[in-house]
Amino acid sequence: MVDNPAVIRERLSGKRVAVTGATGFLGTALVERLLRAVPGCEVVALVRPGRRASAEERVRREILRNDCFHRLRDEWGDGFDAEVERRLTVVSGDVATDGLGLNEDDRLTLCSCDVVIHSAAAVSFDSPLDTAVEVNLLGPARLVGVLASSGSRAHMVAVSTAYVAGSRRGLSPEALLPDTPFSTEVDWKGEVDAARRARADTDAESRRPECLKRFAKLARAELGAAGAPVLAEKLERLRRDWVGDRMVEAGQSRAQGLGWPDVYAYTKALAERALLESRAHVPVTIVRPSIIESTLSQPHPGWIRGFRMAEPVIISYGRGLLKEFPGIPEGVLDVIPADLVTAAILAVAARGPEPAGPDVVQVASGARNPLRYRRLVDLVQEWFWEHPLYDAEGQPIVGPEWSFPGRGRVQRQLQRATKALSVAERAVTALPIRGRAAELPGHLENRRSQAERALGYVQLYGAYTEVEAVFGVDRLLALWHSLDDGDRAEFCFDPATIDWRKYVQEIHLPAIVASARVRTTPGGKTGANRAERGRRALLSKDRHIAAFDLENTLIASNVVESYSWLATRHLPADERVRFTLRTLREAPTLLALDRRDRGDFLRYFYRRYEDAPADRVQQDAWELFSQLILTKSFPAGFRRVREHRALGHRTLLITGSLDFIVEPLRPLFDDIVCATLDRDAEGHLTGELRSAPPTGEARALTMADYAASEGLRLEESIAYADSASDLPMLEAVGYPVAVNPEAKLATIARKRGWHVEQWSRSPGGPRPLMPIGPLLRSARVGARS
Amino acid sequence: MPARSARPGFVLDVDRSTPPTLFWHGEQYHLERLPAGSRVVYPPEALPALEHPDAAIRHALLNPLGDSQPLPSLLRAGMRLTICFDDISLPLPPMRRPDVRQRVIEAVLDMAAEAGVDDVVLIAALALHRRMTEQELRHALGDRVYDAFAPQGLLTQLDAEDPESMLHLGTTDAGEDVEISKRAATSDLIVYVNINLVAMDGGHKSVATGLASYRSLRHHHNVRTMQHSRSFMDQHRSELHSSNWRMGRHIAACGIKIFQIETTLNSNTFPEQFAFLQRREWEWTARDRATFLGVSKSLDRTPARLARSIFQSIRSPHQMQSVQAGEVEAVHEVTTRNVYRQQLVEVQGQSDILTMGLPYICPYNVNSIMNPILVACLGLGYFFNLYRGKPLVREGGVVIMRHPTPWAFHPVHHPSYIDFFEQVLAETTDPLEIESKFEEGFATDPWYVHLYRTSYAYHGVHPFYMWYWCAHALQHLGGVILVGGDPKAVRRMGFKPASTMRDALEMAEDVVGRDPSITHMHTPPLLIADVK
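Residue numbers (our numbering), protein chains in the order written: chain A, 1 to 785; chain B, 786 to 1317.
Because the hints were derived from the structure by calculation, they are not lab data.
Model, not experiment: these values are computed from the prediction.
Accuracy of the hints is not assured; some may be wrong.
[To be verified] With the Cβ distance kept under 10 angstroms, some of the chain B side facing chain A (calculated, not the full set):
#, residue
1, Gln920
2, Arg1090
3, Arg1093
4, Ser1094
5, Met1155
6, Pro1191
7, Trp1192
8, Ala1193
9, His1195
10, His1198
11, Asp1204
12, Glu1207
13, Gln1208
14, Val1234
15, Leu1236
C-beta atoms are modelled at their ideal positions from N, C-alpha and C, and glycine is treated no differently.
Can you build the whole structure from these sequences, using the hints too?
This is the structure we're talking about:
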C-alpha cells in the first residue's frame, strides 16, 4: 500500500492527529513522537482537567516537562516553546463523562481531526469495577459517539490490549472479538448497569449501622481518644476505603469469573464490542499491544513513565522482598517496548482505515521473538548479581533464587504470613509501650505490608506469567513488510529486532532502577540523615509557633502522679500506705477512662481536689516542681523549648494539667494553656473545672485561635506530642513531631513521615518508686532570703 | 592533749614486693600494680581530735585572735546579728551528727540570747550553689536550731539573683565589684561559721565568695585567675585568694564587722567498715583484706544506682581538730597552719605521670551524682591543685584518672550542666573560648536563674566555673587519660579513654616518652603535696 520512501511522515504531514490519555505512558510517547518524527502534523491532546490544575497546566507540567521531551528540547533548542505553541492544541475533556465534557469549540477542534488515537485508560489492574467500566469500557464508545454525532470522518485508532483474549491457551488471532470463535459473549450494557448498581449497593451497605459501628471501632482502635472530628474523618475514610476495596474485589471476581485475568482486560474486551456497536460510520482500527515496557531506542533507550507492571515486581526482587514468584518457566511473557507500539500506531494512522471495515492490529513479541519466563528471570538475576541494590546500612542485597512454584502455593504462603503478621501487630499495638519499643508495631506493619504487597503482585500479575496464549501478529508484519527502508529505520515496530539480553540488562533494568528510589551505591550514608534534616527544618528561623504537650512529651509523669504526690505530702506513714493501695486498685479503671476520653477522665479525676486548701496546694506545687516535674523531666525536651525560644518562635505549652502544677514552668514558655479548678469562698478548690480542659480537638482550636490572635501561621508551626489523642493538635500544624510516641502514634508518624524524637530522662536522676511526697517534719523549708 | 601521735605523710617507692595500690573508681575500688620505681604519696594519719569540742568552741569565742573583742562583748540587745554558715559542699563526705556548724551556731546563739539579741537571721552561704533541702539543713544545724528559726522565716538561704536581697558595696582598688547579701551587709555583726576542709576554704573567701553574686564572683571565678593561681590551695600564690582578700578588705573598709569562726577537721574520713581506705596497703590486716574483698566484690555486682545511694548515705566520722575565732586574717592564718599540719606531705621533685583514683564525691554532688564535668573538676581542678610549690606532674606531663564517668546528670541539681555538656563542650573544650563565647548567655539565662532560685539547681554559670577550675591543669598538662570511663563522655571533654591502667600508661608514653616517672596520689583522705 505504501510505496514511497518515508511514507508515514509524508502521509501524516498536514494532518491533524488527536491523542486522548496524553498524560499517560503511551500518550506522552505518542505526542512526543508525532511532534518530533512527523514535522508536518498538528497534535490535539485531549486532557482531563485535574482537581487543581487546568488541562493546559497539566500538559505543561506532566507532558512537556517529562524527560521524554529532553531529546526534542535539545533538537529544537530555543524554538521549542514556539513550535509546541504552533503545533500542539490542548482540549479539555474527560472520557469518563458522556459527551466527553467538551465545550463547543473543543468539540469542533476534536472533530476536525483526521486521526483520533484513543489511548486513555485506567491501566491499573486493580481498579474498582465501576471506575474501570466508566473509563475503559465506555470511554471509546463515548469518543466514537461524539465523532459520529458530529459527522466527523476521522479515522479512530483505539488502543486496546492483547489480553482481551482472556486466560486462554493457543493462538489468539488479530480479529475482531465477535469474529473470534472462543470469545466470551457478554452484554456490555448489562455489565455497565450492574457495575453502577454495585457501587450504589455497596455504598448503601457501608452505611448500615453494623458497618458504621465496625468502622467506628476500627477508627478508635487505631487512633484512641483523638477526639470526635478526627475520629469522624477517620471513620469516613475507612468507609470509603471499604467501598473501594469491595468494588476492586467485585471487578476482580467478575473479570476472572468470565475468563479474563483482571478487570483491565475484561473492560477492554467489552470496550471493543461497545466501540463497534457505537461507531456508526466512523472508521475504526483497534491496536492491541501486549505488556508495554520501557523504550528500546526512541526518544532514547530506557524511557519509561510511571511504575508499571513488571517494575514493582523487579524492584521488590532486587530489594530481596519477593522470596518467590509464581510462573511457568517455559511460558512466554509477552513484553513489548513502548516505542515499537507508538511506531505501529503511527503506521496504522498513516495507512488509514481498512476499506472493508474495522480491523485489528496486535503489537506483541510472543509469536515472533518470544521471551521465556525463565530467561527473563535469569537475565534479571544475573544483572542484580552485577549491580546489587544496597540496604540502609550500605550492604549489598542478595536476591533470592526463584523456584517457579505454582501460583496457589505462593499465594497460600503469603496469605498465612500476612495473617500471622497482622495478628502480631494488633497484639503489640494494644500493649502500653512507648519510645523505641513502640516502633515494634511499626516494624511488624512494615513486614506485613511487604508481605501484602508481594501477595498483591502475585494475585495481580501472577496470571500474566502463566498466560499460554500466543498473540498473532500477521497483520502487523504485513504492515511492516509494506514499509520501505526509510520508514523501517525511523518507525521500527518489528518485534524481531529486539535483542532480549541487551534490552533487559542494558536498557530496561538500568532505567527502572534509576527511577525507583533505591540505594545503588555501597557504604554508609554521607551528609545529614533524615532525623537531622527533620530537626533542621524544625529549628529554622521561618517557624512561628512551637507548641508542646507536657505529659510524656516533656516529663515522664502524669496528672495522677502529681495528685498522689500532693495528696500524700501531709499524710502520716500508715495513711500513705492505704492511699497508695487505693490508688493502685483504681489504676485500671482510670487507665480505661483515659483511653476512652481524655476530657472526661480529667473532669472525673480532678473531683479529688475538692476541698483541698488552694493556698497550701499552690505552695506544695513548688516542691512538687523539683521533686516530681524536674526529676522526671526530659532535659532534651526542655532544651528544645529553649532553642525554639532563642530562635524567636512563640513557645506554647498546651496541657490538661492544672494551673498550679504548671505554674513553675511559666518562665520556660511564652504562654501556657492549661486546666483551672474553681475555688469556693473559703479558698478551697471545688474540684470542678472552670472551663473545658484543653484536650483532643480543643487543642487544635486553641492552636488556631492562638495563631489567629497573634497573627502567626499554623502551617509554619510545630507541635510536639506523644499520643494519638493529641492528633488534632499535631494535624493542625505544618510540622508535627511525635515524641516518644506510643504505638498508635508511632505507626501514624511513620506512615505520614512525621519527625520523631526519642527523649529520655537524665540517667543520673533519682527514680522514686512511688509518686508520693517525702515525709515532712515541719511545714516549711527555709526560703531564700 | 594528743592521745597518740599520728604518723606523718609518706612517699613510698614501689618495688617488686610492694602490694598492689588501691585506686578509687567512683563507687568502686580497684587494686592496681604500679610499675617498679613509681612513687605513692600517702596522706598523714588522722590527727587527734579535740577532746571537748564544745569547751574548745567556747574558749575560742571568748579568746579571739587578732584585733577582735570576745564575742559576748560584740553582742548587745537591739542589734542586727546575721549568722552565716558554709553550705552542703562541706565537709566531704557529710559528717555524723552533730555537725560542726550545729555545735558552733548553738554556742553563738547561747551567747546572743544571754546578751538579749533578738534580731537574728541565719543565712546559708550558698553563693551560686544549689539550695539545701530541709533534711540537709536539719543535718547541718540540728533540729533545735532549725525548728527555732525556719518556721519564722529566719533561716534563709542566699538568693544571689534577687536584686532586693543583694547590696553593691562599690569596687576594690582593682575595680572588682563587691556585691554581697544585703541582710549581712546591713547587720551590726556577721558571724561566719566555717568548716575548713582544704586550704582553699575560709578566710576572706567565706564572705566575699559565699555571700556574693555573679556580678562579684566573675572577677575571680574566671580562666585568667585560675591560670594564675599556682595553686589555689596555696593562698600566697593564688590569684583567686588575692582577689578575695582585696574584696574582704574592701568589705571591712565599708565598716562591716565580721566575727570569723573557723574549724578544721582531722582526716578520719571513713567509717570503721571502710577502715582499709585509710591504711597503707602493706599494713592491711587480715580483716582489712577481707573487708576490701567483700566490699569490692559486692560493689561490682551492685547496680550503679544502688551503689550510689549506699555511698551517698555514708556519714563521715570527721572530728574537730581545731577551732579559732576572731578577726578574719588572723584566724585564717592559724587555720591554714592546722590544715597543713593534717594534710601536707613533702615530695621530692615532679614526675612525668600523675595517677589518681577519683572517689564518688566532690563538693557539688552531695546527695547527687558525679557527672562528667564534676569528674574533670575533681581530678584536674581539685586533686591536681593539691600542691604547694609546683605540681606533682611536670609541665607537658600526663594525668591518668580512674572513674566510671557515666554520661549521667542529676536533672534537678545540674540542669545547666546537661546543656553545657551537650552544647558547649560539643563545640569546644578550650576554657578561654568557652568563657568568651558562652558564659554570659548561661549566667543570665532566665530559666537557669528561675531554677536556681525556686528549685534545687546550681546556677547556670556553675558548670563554667567547674571547667575553669581545670584551666591551670589543662594549660600545664600534655594529656589527660581517663581509665574505665564512658568513652563517649570522656572524649566529649577532650580526654582520652583507656580501659585499663596498663593501656593508659602505654598511651601516656606516647606523650612523655619511654620509662616515665610515675607518682600516685593516694587520696582521699586528702593530702597536699609540698613539692620541692
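Evaluation of the provided hints:
no.	hint	in the structure
1	Gln920	holds, 8 angstroms
2	Arg1090	holds, 7 angstroms
3	Arg1093	holds, 9 angstroms
4	Ser1094	holds, 9 angstroms
5	Met1155	holds, 9 angstroms
6	Pro1191	holds, 7 angstroms
7	Trp1192	holds, 7 angstroms
8	Ala1193	holds, 3 angstroms
9	His1195	holds, 5 angstroms
10	His1198	holds, 9 angstroms
11	Asp1204	holds, 6 angstroms
12	Glu1207	holds, 7 angstroms
13	Gln1208	holds, 8 angstroms
14	Val1234	holds, 8 angstroms
15	Leu1236	holds, 8 angstroms
Taken one by one, the earlier hints all hold for this structure without exception.
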